[in-house]
Structures are given as C-alpha cells and as structure tokens.
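Colleague: Keeping the supplied structure of chain F fixed, place chains C and D upon it in accordance with the hints.
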Amino acid sequence: MASLRNYIIRRTLETIPVIFIVVIINFSLIHLAPSDPAVILAGEYADPGYIEAIRIKYGLNLPLHEQLINYLNHLLRGDLGFSIQYNRSVASLIRERLPLTLLIIVPGEILGIILGTLLGAYAARKHGSKIDAILSTTSFALYSTPSFWIGLMLIILFGVVLRIFPIGGYRTIFENLTGIEYVLDVLWHMFLPMFTIMISWCLPISLRIARASVMETMREDYIVTARAKGLKESVVFYKHALRNALLPTITMTGMWLAFSITGSILIETIFGWPGMGNLTRESIFARDYPILMAVLLMASITVVLASMISDIIYAYLDPRVVYK
Amino acid sequence: MFLMIKTIRWKNIALNLRAFWLQFKKGRMALLGVVIVSSFIIIGVIAPFITQYGPFELTNDIYHPPSRKYFLGTDYFGRDVFSRIVWGTRVSLFFGGCTASLSLIVGIILGAIPGYFGGIIDDLFSRFFEVFLMIPRLVIIILVVAIFGSDIIYSILVVGLTIWPTNARITRAQVISIKNRGYIQSAISSGASHFRVLFYHILPNGLYPVIANSTIEIGRAILIEASLSFLGLGDLNNVSWGQILQRGRSAMFSAPWISFFPGITIFLLVFGFSLIGDGINYALNPRLRER
Amino acid sequence: MSLLEVKELKMYYKLSSGWVKAVDDVSFKLGKGRTLGLVGESGCGKTSVAMAIMRLLPFNAQIMGGNINLEGTDLTKLTEDEIREVRWKKVSMIFQGAMNAFNPVFKVGDQLVEAILTHENVTDKEAKKRVINLFELVGLQPDRMNNYPHEFSGGMKQRAIIAMSLACNPHLVIADEPTTALDVVMQDQILNEINKLQQDFKLALIVISHDISVIAETCHEIAIMYGGKIFEIADATSIFHNPHNPYTIGLLNSFPTLRGPKRKLVSIRGSPPNLMGEKEGCLFEPRCPYAKPVCKEEVPTLTTIDSRKNHHSRCHFALDPKLQDIEFKE
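Residue numbers (the working numbering), protein chains in the order written: chain F, 392 to 715; chain C, 63 to 353; chain D, 3 to 332.
Pulled out of the complex, with its shape left as it was, chain F reads as follows (with noise of 0.2 Å):
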C-alpha cells in the first residue's frame, strides 16, 4: 500500500504543472485575440471610462510577465473577474449556478454510467442475439443524435402531450414553496433534463465501452482456467470477468464528469434550466468574457481533477498500475 501513496502523491504533483499550462492558455486567449484585451475583459460595450479603469485594473499597459503574475494573483484570490451583464462577480455568479448544474450532471451521469455498464455487460453475455443488436444499434444511434434534439422531443412528448414532466425551468415560479415540496418541485422539473443527459451520451457510451470490454475480457486465458476450476458460470463472469473488464469504464467515468460541463451548456438552454450552462450561453451573446473564461478555466480544471481522480482510483482497483 506505500506504493500506491506513492503513485497517489506522484500523480497530484503531476497534476499541478498540467493546471498552470491550462491557466496560462486561458491567459493568452485574450491576448491572442484581435481585439483590445481591456475590452474583452470589460465586456464589448462597456463604455470607455470602464474599459480604461479595467485597462489600470489588470495592468494592461504592463509588460506581458507582470500582467500574467496579475492574473495569477486574482485567481488565487478567488476572483475570477466582473461581469457587465450581471453586475456582479463572476465568482458569485457561479457559487450560484453551479450547484443547479450538478444537480442534474450529476445523478445523469452516475445513472447513465451504472444502466449503462449493466446493459453493456448483458449485452455482451449474449452477444451475437438479437438483444445484443438492438441493445448495440439503439445505443449508436442515440449517441449519434444531437442531445439537444432529444431534449426537444422529449419536452414536447413528456411536457405538451402527455403533461407530465414541466416544460422549463427549475421550479414551479407561481407558488412559493418551502421544505419539502419544494425539494419535489425541483425534483419533478430536474428530471427530464437528468434524464436527456443520461441517455444521450452516457448511456450509450457507457453501454459500449462496457460491451467491448466484457467481451474481450472474456476471451482471456484466466476465464478458461477459472472454468476449468469447476466454478460456476455465474462466478466466472461476475468475479472474474467484470472486475477486470469493467477498469476501463471507471477511466472514462472521470473524464465525462468533466466533459458534461460542456454538454450542459445545450441541455440547459433547452430546458431554461439556470445553471452553468445557460450562464454560459447568456454570456456568448452578451459577448462577457470574463464570465466565459472563468467557465473555461473551471472546465478545463475539472477535467484534469477528475481524470487524476479516476487515474488513482484505478490504481487501487488494478494492482498492476503501480508497480510499473
């Protein structure tokens, strides 16, 4: 188990170079872009007493080292810039949104990856049948369609025809409820956008990578002797396939929860749900920079968090990881 400390501390050192190239890329963004970076910072219509007072602010005049050692110490401070559009600071903005967003990000994905690894490795159990195929076939084609078309289908079946999900937003605005109908409130509109999550791509990655996985673990030469040992089929396949096919769905399962982020942006939109995402897109019109940044940043560190995450839990799972 010291190995594995090992590799734990090892991998979050790794980490930390990977977070600062990221923060300088997102620096450089605005310096690469043809226009004034003081008026990408204040927002394209500001006016110009506040694109100058932005211009002093972050030392635009500065020479480029000094600025980046600005930039730095904002971001170490916790502020991530202002926003025109809100007046407000983007950091309050997303202490705000966040939450909202994880809350359908999060069960989507977990539900998706968990329904998904089951079908997978029943699909792989019986492959070669037909369930194999429909399971195969639908999972293509619903990762071959664009999540929002989904969301918008699903809005008009679920919410204008059948009635039964709310079309929009993420409680009931008219009654002002408290404790816990309005947990259920939330519950009752978080569904459908969780569920558009789930089966757009979650699902039907998971369903696959699972289903390839099974079916090459299964040819291995382990699962002939576990056989040969006189075990049962059932304790071939769940003791000793899955444990080791399922190592490559927990490596992705960290990469997603990050790249969710950015497939929350069209869900959002969709279902008026006021989180992340929609922040996101509000802030693509108003052309808010410093709003949109602080996401790539936030976007961009998640994804490197998780996939070190996700890195040390396969470490403890494979007890190969460590000892290279």
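These are computed hints drawn from the structure, not numbers from a lab. Do not take every clue at face value.
Stated by the list, open to error - Calculated lysine to any residue pairs in the SDA-like style (CA-CA distance at most 20 Å, straight line):
id : chain 1 : residue 1 : chain 2 : residue 2
1  : F       : K623      : D       : L119
2  : C       : K88       : F       : G519
3  : F       : K623      : D       : E87
4  : D       : K109      : F       : P498
5  : D       : K109      : F       : Y629
6  : F       : K630      : D       : K16
7  : D       : K109      : F       : V626
8  : F       : K521      : D       : F61
9  : F       : K630      : D       : V107
10 : F       : K630      : D       : K109
11 : F       : K517      : D       : F61
12 : F       : K623      : D       : E84
13 : F       : K521      : C       : L94
14 : F       : K517      : D       : N135
15 : F       : K623      : D       : P60
16 : F       : K623      : D       : D83
17 : D       : K311      : D       : S240
18 : F       : K630      : D       : K298
19 : D       : K109      : F       : L638
20 : D       : K131      : D       : F203
21 : C       : K88       : D       : S18
22 : D       : K91       : F       : V626
23 : F       : K623      : D       : N123
24 : D       : K298      : D       : E282
25 : F       : K623      : D       : R86
26 : C       : K87       : F       : T528
27 : D       : K16       : F       : G519
Computed from a prediction, not measured in an experiment: that's the story for all the values here.
Modeller: Below, chains C and D without anything else, positioned relative to chain F:
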C-alpha cells in the same frame, strides 16, 4: 532492390485493400451506413435540382405545416424547411469533411513521429496528447468563436485542431506495432531514409484504424457544428441544420416540424458515418467477427 | 480397469465454412500412476483432446462421438452441473502458457484457495494452510501467496499453476505444454517436479507437448497424433527404439539426441494437413516418403504391432520391415 521493395509494397497494399473490402462488404450495418452517407452526398450535390425554393427565400406562408406545396413545412419567415435542410446538407458535409481531414493529417503526423522514433520524443508527445485531450472542446470553441468571430473557417480550424489526439494515439500504436515487421526492417537496412520508411512503407499499411476513427469523427464534427449553430455561433451566411433547429425552438409547440426534421437528418448522417467507421473497425479486427 | 479410457473420441469445430475435425477417432487408456504423452505438431488435436476431457470446449465445438470414461463415468454424458463437480476434483489441468492463466486482479494464493473452497467443505483457514503446503511442494516461498500474478516470474507462475492443479488432490492431471514458455534450465526443474509429484501422489498424468524430448523424460506411454488421429501409440521404449510409423520416424529424426552417433537433422517437408472436409486416404500421404498409391485411396486403420505392449500404428505398411529404412529428404 528498391524496385523489388516497391512492387512488394504495392502488392501488399493492394492485397490488403482487397481483403479488407471483402470483409467490409459482409457487414450489413456498414453497408447501410454507406448507403445513408452516399444518399446525403448525392442530395447535397443535386441540391439546386431538387428544391423549389432557396434556403433564405421568403414566402408568404408563415408556419405552414408540411404539405404538398411545402414538403416539410415552413418557418417563421415563410422559408421552406425542406429546401433549407437540403442546402444545409452541403454545410454539414463540408464541415465534417474538412474538420476530419484536418484532424487526420495532424493526427497522423503527430502520432507517427513519436511512434517511429520512440524514446524521449515519445514521452514528450504522449504527455502533450494527454494535456490536449483534457481540454473541454466545446468551451474552447465557444470562446474562440466568441472572440474571433463565427466564420465557418474558424470553427473548422478549432474543431480540427482539438480532436486530433485520438488519431495521433491510434497512429502511434500502429506505427509501433508495424515498425518491427520484416519488410520494414529490410527497407531500413537497404538504406531508405526515415521519411521514406515512415510514409511509404509503414503508414500505408497501418492507416485503416485511423481512417475508421476519422470516419466516425466526421459524424462527431457534424454534431459539434449543429451544437454551435444551435447556440447561435454558427456561420450565419450559410444555412445549417443546427441553425434551423435553433430557429425552430421558439416555435417548439406551435410548429414542431421545424425542429423535428433537422434532428432526424443530423441523426441519420452521423449514424451513417458511425456505421461506416464501425464497419471498418469490424472488418479489421478478426476477433470481433466471431459468430 | 484403467483410470481413464478414451474410446473413439470425435470432436469437431464448426466454422462458417464447414466442420474442422480437430479430434477424429482418438482412443487410449491410462492407468493410475502412469504417464501418457501426447505428441504432435501444432494443430494436430492434442490440446483439443485435453479440452474435450475437461469439457472446456468453446461454443462452436461439439463432441460428435465416442466416450471418455473416467473411473467408470462417461464424461461426455454428464450435465453441466455434474461436469463442474468433476473439474479440478477428479481431473485438473496445467495450462499451456501459464502467463495469463491467473487473474491479474486477485492474489495468487486467493486463486488457489478459491479452487479448494469450490470443491471441499473446509474453512478458509484450512484452505490457506493447504495452499502453503502446496507452495512448499512445488518449491515456492509460502509468503508469495499474497503476491499478484505479475509479481511472479515465468517459472514461478508455472510452479504456481502446478500447485493449483494439485489443490483438490485430483486423480488425473493434464499438463498441456508445461514447459514451452520456459528456458531449458527451468524446463528441467519443472519436469523433475512433475515427475516427483506424480510418484508421490500416484497421479495419472497426460503430458501434451510438441517437444519429443520433454515426452521422453516423463512418459510411460506415448501417443503420436497427426491431423486429429492417433498415428502410433505404444510404451515409450517401443516408440523410440521400435517405431512402426513413418510420421513417428520422421519426428524422431528431427530432434537431436545428446548421445548416439552424430547425424543430420531432417525435418519433415510440407505443412500440417487441412482438417476440413472429407479426406480419402491417409492424411500424412503428401509428406510421406514411403507413400504408395493405396495411401491416397484408403484411410489406414490402427494395426496392432504388439498387443502385449499395446503397440498400435496407423499405417498401411506398419508391419513392413522396409519401413524402418525410410529416409526423409529435405
């Protein structure tokens, strides 16, 4: 000696291609994919001949449901949805093709080099891939497009330059495994330059998995383009499927046909490309062919 | 009565292009404490016989005829549940290329414990104790029990596989190419190990190999297989000093001996036969220097050379004394 290697090389490639095609043909889904994609390509090419209206042509029939006059209905401006979708095919195919090609070229070059030379170069490049893979694509694209403008060229460049790592990884793995084969060793020992060996000998035999991946990538690129247009970041001069969907959203309940059909076409085209790519992989990998 | 009696076993694989006759009319007997060697080129069916005995056949393989009698029970007639009881408890296997025979995510010791607990009603602690004994038996450090497979060297893995195969005190052990992946020194050790264990436990042993020198060291009886059929079967001495089959003679000629006169090694020309489709005549005919017209037309049956020694040969000219002088040309 060179001549002999040359003829062996071409024979090798030709034989591989033929064997591959025979195997590919067997996959029904793969052939379906070819049919779908070809149909779209044909539709895109003959667009002017099968549409009655232009993509931005206004008529007086606003929000007209699908009928004989307007095959798939009209939108808020009275534009025929069918015509818009047909013209949009060109944009989708163009975007997908350019992006995937860019990613293919960059990916092959950046994957072949570490694969061939190994050692420190390999380590450096692999690290580089890792970092690149972690960049959340859509956000960067949005940022770039927001800063630089929504001309389609920018989108193609950004997407193409962010999805190449998968191609690079595949190429690298292929180069590593082919590098040690007999005919490569003989080419090297007969004095061929590194460039020659890599591009004339190794790559032609190892390209299939990358091609498979690129085919699938065309589909992914089309989805990205649709997402961009949907968010309003697409090229406004050309009609694209995502754009139609976006406009259709405001009339989601009153005129659902506007949103419905572009989604179907996106799905079909992406599905088609995925089937082809998967079919290529299937044909290449004998183990998947059991039963 | 012998421990194991295989009678006219036929096992075919179904491919989309037809049936592959991997095992075609194979018969032999094996007594307790005796070792049978199955020798032949790759693809001659030796591993298929082993898999058939353990009923570890892939989905497209089928036993098309014949019996496998282990201690009176016909293994071919058992249900899936019944065969699972037999596996490892009555007959176990040492796998070819033990490199991947262990599950990489479990400790080696645990995998042996699993084998024991599946068949015997003992406590976990007792099972672990037995594993320690088994490890010592094969010359492995007992504390290695808690290591993972990738921490074992090739030779150690092979020993561990041998230990595992003995975990439930089987009556029959099938060793499939037990030394192929090892270096010569390790080969020697492992073979000695196997011999010793066999004597100590009075096991019936089947050793499968394409390396005739391995067979020579360990076996009482030898069966030479070709194209899914047994071409010659006899006790070891007869095979080496009194072969009555062209293929056997060819095999013997292609392996070097440490003692005896220096001679040129001659390999058998040609490649292994196609096992699909109906073949008229002897499968070895295309490569046989003694081939006569009848060899193309009729499939040879087993001729008895010496019934006391149970020496049989599948050749039209098995009893022909001129057979001994055949020469394999390059």
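Colleague: Run every hint past the structure and note whether it holds.
Modeller: Checked hints:
no. : hint              : in the structure
1   : K623(F) x L119(D) : 13 Å, holds
2   : K88(C) x G519(F)  : 15 Å, holds
3   : K623(F) x E87(D)  : 10 Å, holds
4   : K109(D) x P498(F) : 35 Å, violated
5   : K109(D) x Y629(F) : 17 Å, holds
6   : K630(F) x K16(D)  : 30 Å, violated
7   : K109(D) x V626(F) : 17 Å, holds
8   : K521(F) x F61(D)  : 17 Å, holds
9   : K630(F) x V107(D) : 10 Å, holds
10  : K630(F) x K109(D) : 13 Å, holds
11  : K517(F) x F61(D)  : 12 Å, holds
12  : K623(F) x E84(D)  : 11 Å, holds
13  : K521(F) x L94(C)  : 18 Å, holds
14  : K517(F) x N135(D) : 41 Å, violated
15  : K623(F) x P60(D)  : 16 Å, holds
16  : K623(F) x D83(D)  : 8 Å, holds
17  : K311(D) x S240(D) : 8 Å, holds
18  : K630(F) x K298(D) : 52 Å, violated
19  : K109(D) x L638(F) : 17 Å, holds
20  : K131(D) x F203(D) : 19 Å, holds
21  : K88(C) x S18(D)   : 13 Å, holds
22  : K91(D) x V626(F)  : 18 Å, holds
23  : K623(F) x N123(D) : 16 Å, holds
24  : K298(D) x E282(D) : 7 Å, holds
25  : K623(F) x R86(D)  : 7 Å, holds
26  : K87(C) x T528(F)  : 18 Å, holds
27  : K16(D) x G519(F)  : 16 Å, holds
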